[in-house]
Amino acid sequence: MDLQETIKALKLPLNVKNDLFAELSPLQLSDDEIDEILETTKKVYERSRVEPCEAVGTIAAQSIGEPGTQMTMRTFHYAGVADINVTLGLPRLIEIVDARKVPDTPMMTIYLDVESATDRDKALQLAWEIEGTHVSDIADILADTDEMQIYLEFDDRALQQRKVDLDAVVTKLETLQDVDVRVDGSNIVLIPSVKRYRALLQIVEKAKAMVVKGIDDIKRVVVRKEREEYVLYTEGSSLKKVMVLEHIDATRTKTNNINEMAEVFGIEAARNSIIEEAMDTLREQGLTVDVRHIMLVADMMTLDGEVKQIGRHGIAGEKTSVLSRAAFEVTVNHLLDAAIRGETDELVGVTENVIVGQPILLGTGDVRLIARTGRE
Amino acid sequence: MKEVVKKLTRYERARIVGARALQISMGAPTLIESNTTDPIDMALEELKKGVIPITIKRRGTPR
Amino acid sequence: MYKKAKLIDTVRLPPERLGEETIAVLKDLLRDKLEGRIDKMLGSIIAVTDVLDIGEGRILAGDGAIYYDVTFNAITFKPELQEILEGKVVEIVEFGAFVGLGPLDGLLHVSQIADDYISYDEKNARLVGKETGRAIAEGDMLRARIVAVSLNEREPRESKIGLTMRQAALGKVEWLAEARDKAKKEEEEQNARTSV
Numbered sequence: 016m017d018l019q020e021t022i023k024a025l026k027l028p029l030n031v032k033n034d035l036f037a038e039l040s041p042l043q044l045s046d047d048e049i050d051e052i053l054e055t056t057k058k059v060y061e062r063s064r065v066e067p068c069e070a071v072g073t074i075a076a077q078s079i080g081e082p083g084t085q086m087t088m089r090t091f092h093y094a095g096v097a098d099i100n101v102t103l104g105l106p107r108l109i110e111i112v113d114a115r116k117v118p119d120t121p122m123m124t125i126y127l128d129v130e131s132a133t134d135r136d137k138a139l140q141l142a143w144e145i146e147g148t149h150v151s152d153i154a155d156i157l158a159d160t161d162e163m164q165i166y167l168e169f170d171d172r173a174l175q176q177r178k179v180d181l182d183a184v185v186t187k188l189e190t191l192q193d194v195d196v197r198v199d200g201s202n203i204v205l206i207p208s209v210k211r212y213r214a215l216l217q218i219v220e221k222a223k224a225m226v227v228k229g230i231d232d233i234k235r236v237v238v239r240k241e242r243e244e245y246v247l248y249t250e251g252s253s254l255k256k257v258m259v260l261e262h263i264d265a266t267r268t269k270t271n272n273i274n275e276m277a278e279v280f281g282i283e284a285a286r287n288s289i290i291e292e293a294m295d296t297l298r299e300q301g302l303t304v305d306v307r308h309i310m311l312v313a314d315m316m317t318l319d320g321e322v323k324q325i326g327r328h329g330i331a332g333e334k335t336s337v338l339s340r341a342a343f344e345v346t347v348n349h350l351l352d353a354a355i356r357g358e359t360d361e362l363v364g365v366t367e368n369v370i371v372g373q374p375i376l377l378g379t380g381d382v383r384l385i386a387r388t389g390r391e
Numbered sequence: 004m005k006e007v008v009k010k011l012t013r014y015e016r017a018r019i020v021g022a023r024a025l026q027i028s029m030g031a032p033t034l035i036e037s038n039t040t041d042p043i044d045m046a047l048e049e050l051k052k053g054v055i056p057i058t059i060k061r062r063g064t065p066r
Numbered sequence: 723m724y725k726k727a728k729l730i731d732t733v734r735l736p737p738e739r740l741g742e743e744t745i746a747v748l749k750d751l752l753r754d755k756l757e758g759r760i761d762k763m764l765g766s767i768i769a770v771t772d773v774l775d776i777g778e779g780r781i782l783a784g785d786g787a788i789y790y791d792v793t794f795n796a797i798t799f800k801p802e803l804q805e806i807l808e809g810k811v812v813e814i815v816e817f818g819a820f821v822g823l824g825p826l827d828g829l830l831h832v833s834q835i836a837d838d839y840i841s842y843d844e845k846n847a848r849l850v851g852k853e854t855g856r857a858i859a860e861g862d863m864l865r866a867r868i869v870a871v872s873l874n875e876r877e878p879r880e881s882k883i884g885l886t887m888r889q890a891a892l893g894k895v896e897w898l899a900e901a902r903d904k905a906k907k908e909e910e911e912q913n914a915r916t917s918v
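Residue numbers (the working numbering), protein chains in the order written: chain A, 16 to 391; chain B, 4 to 66; chain C, 723 to 918.
Calculated from the structure, these hints are not laboratory results. Small disclaimer: the values here were computed from a predicted structure and weren't measured. Backbone N, C-alpha and C define an ideal beta-carbon position, used for all residues, glycine too. Among the hints, a few may not be true.
[Claimed, not checked] Under 7 Å between C-beta atoms, here's a sample of chain A residues computed to sit facing chain B:
1. PRO67
2. CYS68
3. GLY72
4. VAL382
5. ARG383
6. LEU384
7. ILE385
8. ARG387
Isolated chain A (complex conformation):
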């Protein structure tokens, strides 16, 4: 019988079937050998499946919790990109499951489209385009307290490198209030209308922080060659603004901010992002956790269509059972509120039944036995 047909007829997931076919087709094997391999595959697959009544949540919690005790408490530099500082280890893992609105160190990974991916110049150009350029990056700012004026001395090389147009800078600066802007060759002079020392310094600060090019939130961009293509790593994250740029591969570009992923790409992307970020964090620490545990966590966090944290303000806080919520955190408040509202606990979950001392609906506790005596 045809190998493809035989594999197709098996009761296995599509991925496993595809792998089987890819591995077996180049080998010249006898029918018996193939049968044996397929039998073993089936057995191993059956064994790897979770049995009904298995306490998957508890096992997932243990499987993530134990390696968690071995993780570092400190933030480290990102292994490959020396310039970018990224939260790693336990703080990062906590950040992920807490579903923080903004992570400690937001970071984007930007891929380029097929035609630009191998072009170093295009990658660098894009990097300058993205990196937020402030006035202070391209000019020395001097405050003259005698004349009550501010001199901006522009660095020609920086201007050229970053492809910043002086006229554009002037228009930007003109948006400052109570300031007269005068161009003097390659320098700019700011003359405040109010001649006061404090006002002068305020204007200096404002001018320094002014973004003349690029994206405000992105402090730095690092270009790195990975295999054949150039990839941009950014310190700071602003997916929406990056997505609209040219020469960007929108299908692979991502951020480590899970909420931003959910906002820009949708909840499924956020789920994948949780899985990937958590697995990467664990892997970086040299820990291996079965991806299915992480998937369960990611599923729980995203199943309502929005990213919820695992904790008092998320999954644990939204449980219907009063006792279960009370068992987690702020016990008295939950019991008091429930008493005021006259809530009922249906005792369907695990925690509630442990509390009241009943068999739980897991494992052998979830098997209903019926006697076969009497009428058949």
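Starting from the known structure of chain A, fit chains B and C onto it as the hints suggest.
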């Protein structure tokens, strides 16, 4: 009614053997001839022979 | 009032009786459990007559027994207020007479026997009316009305039923027969007089 024989999960197996062993230890008549005096071994033997008068109602099946 | 009732109750079938015929065992166990018991709603359960359905036997964690929800027919007796009953006097005491009403006894207090002064005749164990000379002794058949019911589920013997005979057409059955005869005679006399 046709009975669908499905593989027992390990929890179902444990529960059946446990319940049957308890019955035997509490004085229920055994259903096989056996040399053993241990109720658990006896229950296991009965399970192997498929004579335990206990069925399982899985979740999802109507009451 | 006696009633035939269709009831459902959970019965524990202990493992040592697993070898026996299930329905017979369950009926046996039901009898042991229920017969002679008093229930606020049903009254006294007298007999379990037949088992209709035993349902599915559930096996619970930590117990080798099987629990069945058994549907069965039973005969019950519940004393209802204002109900008129006949019963035999089972005992005479100073304060009245105890009347057997089937599974339960009722108390007929001395004040509730008749519109007469009733005194206790200790020697003969009788209650005698001063004016009429009528007496009640053990074994007499009485017709009485229930005026008070207090059932005790936990202690069936502590249940109390209060009776009265101080109403028309109540009393010892002999008195009622006398009254009937007398009424008949009077009616005949009346008829004879009018025809004349």
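Close enough to count: is the Cβ of A:ARG387 nearer than 7 Å to one in chain B?
holds, 4 Å
Once the shortest beta carbon distance from A:GLY72 to chain B is found, is it less than 7 Å?
Cβ of A:GLY72 sits 16 Å from chain B, so the hint is violated.
Holds or violated: A:VAL382 as interface residue toward chain B, Cβ cutoff 7 Å?
holds, 4 Å
Mind checking the CB of A:LEU384 against every CB in chain B and telling me if the closest is under 7 Å?
holds, 5 Å
Given a cut of 7 Å on the nearest C-beta pair, is the interface hint for A:ARG383 held or broken against chain B?
holds, 4 Å
Interface restraint verdict for A:PRO67 against chain B (beta-carbon cut-off 7 Å)
holds, 5 Å
Once the shortest beta carbon distance from A:CYS68 to chain B is found, is it less than 7 Å?
holds, 5 Å
Mind checking the CB of A:ILE385 against every CB in chain B and telling me if the closest is under 7 Å?
Constraint on A:ILE385 satisfied, holds at 5 Å.
Violation of the numbered hints given earlier is confined to hint 3; every other hint is satisfied by the structure.
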